[in-house]
Structures are given as C-alpha cells and as structure tokens.
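A.B. asks: Here is what each chain is made of, one letter per residue.
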Amino acid sequence: EAQVTQNPRYLITVTGKKLTVTCSQNMNHEYMSWYRQDPGLGLRQIYYSMNVEVTDKGDVPEGYKVSRKEKRNFPLILESPSPNQTSLYFCASSPTDPSPSSYEQYFGPGTRLTVT
Amino acid sequence: AQTVTQSQPEMSVQEAETVTLSCTYDTSESNYYLFWYKQPPSRQMILVIRQEAYKQQNATENRFSVNFQKAAKSFSLKISDSQLGDTAMYFCAFMTLFNAGKSTFGDGTTLTVKP
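Note that the protein sequences, when read in sequence, are chains A and B. Here the first sequence stands for residues -15 to 100, where the numbers follow our numbering. Here the second sequence stands for residues 375 to 489, where the numbers follow our numbering.
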C-alpha cells in the first residue's frame, strides 16, 4: 500500500529533551516536506526537500532540523524542544515534474507533540 | 512571499445542496499550482483537486470543481450534491514553480454538511 508513515503518532516530552519524529514514504517520491498545524493557522511549512541531500527552509524553520540521507526518509529533529513547539505535525511527499501528479502531496497521519 | 486567504472560517450546507468555498492568493509568479485539501475529523489530509495555472480549463473531480480566475487570483471550490462525508476542514494551497517545493496553505474553512 502506497503510504507515508510517521512515528511516533503521539509524544509528550519535556522542555529541552531532544527528539526525532521519523517520516518514511514508499512511493519513490522526490519531494518531501514537514508542516505544523496549529488552531486557526492552517498548515505552515517547516522544511522541505526536493531530493536526497537537498533541503530548504519553509516559513517556520526555527528550532527544527531535518536531513535527507535516503530518498524514502525525512526525519524531523527538535534538538531542544520548547512549549511553543506543541503542535500537530505532518509529513508529506509527492512526485515532482514531469509527473502528471507533480506536487500533489500525500500526507502522513500526523504526530501530536506536547512539550511541557 | 505568497499568501493564501480563505475568508470563510466556517460554512454549512444541507445535504444534497451545492456549496462554494472561497480562496484568494497573492503572488507575482505566473507559473504555479493550486490545490484544495480536505481534512476530516480523523485529521488525515486528503487531496481534493489540483489546478495548474497555465491551464485555462477549470479542474473537476466528480462532485468537486473549481472556478480558477487567474487575473483575479481567485480559486474557489464548488461541491455539488453535498454528502455527510464531505464534513471536514478544507484548505486551499499554493505552490510556485519558481521556488518549487515552497508551499503555502490558507487557514482553512470548516464545512458542516447537515442532514
């Protein structure tokens, strides 16, 4: 089954304790992206990657790191989480041009993160 | 920077009727993609429809269609024959080809379909 998986789905942690949220896709997509969703603010892009070893900042990259060492994986790292990073996080992937479905994003199920 | 505005935070419609969700965007680019995504109570994000800016023909997917007005920078979603399963939050999204990969979403419209 074609899918994007995220782990963990739920995480409660304390301020300053490093954590990683994993994201993996099995569709051989070039493009992957991380978003956070907060009430009333829609989805805001954190980082995105057009291919292996190519990453770029979205609108809200502060406090986050990413890496793309393999095409299928795109982990999100919070080195020193703070309460303002409490949010719902989504990973997404899509094919790029010249695919007929280029940039149609497939989303993971989301990770609910609470930082106390 | 691109912006996407959804001016209707909440809407409701009776089952089987038609509803239109509004979206406007601001960009100086000429080549881009526009999308509508649906987020039901399960929180899963699902693509509804996609429009390429260079195509003048409005996209349609079964009961879902768009009214794409490039000059007005407007991209509304029409849902015909609304069904209870259409109850969800709907997000309008923009991606420019100039900076491919950078994606901007609107704040969303919560649609409730009433029986």
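Warning: the hint list may mix true and false statements.
Claimed, not checked - Take a look, some chain B residues computed to stay more than 12 Å from chain A by CB distance:
id, residue
1, Q380
2, M385
3, S386
4, A390
5, T392
6, T394
7, D400
8, E426
9, S439
10, Q443
11, A445
12, A446
13, K452
14, T461
15, S477
16, D481
Stated by the list, open to error - If we take Cβ atoms under 7 Å as the criterion, some of the chain A residues that face chain B in the derived model are:
id, residue
17, P(-8)
18, Y(-6)
19, L27
20, Y32
21, M34
22, Y48
23, S64
24, P84
By construction, these hints were calculated from the structure, which means they are not laboratory data. If you're wondering where the values come from, they're calculated on a predicted model, not measured in any experiment. Using N, Cα and C, we set each Cβ at its ideal position, and we do this for glycine too.
A.B. asks: Would you mind marking each hint as holding or not holding in the structure?
C.D. replies: Checked hints:
1. Q380 (chain B), annotated as away from the interface, has a beta carbon of chain A within 12 Å; the closest lies near 8 Å.
2. For M385 (chain B), the requirement that its beta carbon stay farther than 12 Å from each beta carbon of chain A is met, with the minimum near 16 Å.
3. Remark: the non-interface label on S386 (chain B) is consistent with the geometry, its nearest Cβ contact in chain A lying 19 Å away (cut-off 12 Å).
4. For A390 (chain B), the shortest C-beta to C-beta distance to chain A comes to about 29 Å, beyond the 12 Å cut-off, and the non-interface label holds.
5. Every C-beta of chain A lies more than 12 Å from that of T392 (chain B), the closest at about 25 Å, which supports listing it as non-interface.
6. Every C-beta of chain A lies more than 12 Å from that of T394 (chain B), the closest at about 19 Å, which supports listing it as non-interface.
7. Under the 12 Å C-beta cut-off, the non-interface status given to D400 (chain B) relative to chain A holds; the minimum distance is some 15 Å.
8. Some Cβ of chain A comes within 12 Å of the Cβ of E426 (chain B); the nearest lies about 9 Å off, and the non-interface call is violated.
9. Against the 12 Å criterion, S439 (chain B) stays outside the reach of chain A, whose nearest CB is about 17 Å from its own CB.
10. A cut-off of 12 Å between C-beta atoms confirms that Q443 (chain B) is not in contact with chain A; the least separation is 21 Å.
11. Listed as outside the interface, A445 (chain B) is consistent with that label: its C-beta sits roughly 23 Å from the nearest C-beta of chain A, beyond the 12 Å cut-off.
12. With a least beta-carbon separation of about 21 Å from chain A, A446 (chain B) lies farther than 12 Å from that chain, consistent with its non-interface assignment.
13. With a cut of 12 Å on Cβ distances, K452 (chain B) stays outside the contact zone with chain A, its closest approach being about 20 Å.
14. Consistency note on T461 (chain B): stated as away from chain A, and its beta-carbon is indeed over 12 Å from all of that chain's, at 18 Å minimum.
15. Not every CB of chain A is more than 12 Å from the CB of S477 (chain B) (nearest about 5 Å), against its label as outside the interface.
16. Non-interface status of D481 (chain B) relative to chain A is broken: a Cβ of that chain comes within 12 Å, the nearest being about 4 Å off.
17. A distance limit of 7 Å between C-beta atoms decides the matter here; for P(-8) (chain A) the minimum to chain B is near 15 Å, and the interface restraint is violated.
18. Hint status for Y(-6) (chain A) relative to chain B: violated, with the closest Cβ pair at about 12 Å, above 7 Å.
19. Given hint, L27 (chain A) at the interface with chain B, holds; its Cβ is 4 Å from that chain's nearest Cβ, closer than 7 Å.
20. Hint on Y32 (chain A) holds. Least Cβ distance to chain B is approximately 5 Å, under the 7 Å limit.
21. Contact between M34 (chain A) and chain B, as hinted, is supported at the beta carbon level, the nearest pair being about 5 Å apart and thus within 7 Å.
22. Annotation: interface hint on Y48 (chain A) violated; nearest CB of chain B at approximately 16 Å, more than 7 Å.
23. Because the smallest distance between the Cβ of S64 (chain A) and any Cβ of chain B comes to about 26 Å, over 7 Å, the interface hint for this residue is violated.
24. Checking P84 (chain A) against chain B by beta carbon gives a least distance of about 10 Å; that is not within 7 Å, so the hint is violated.
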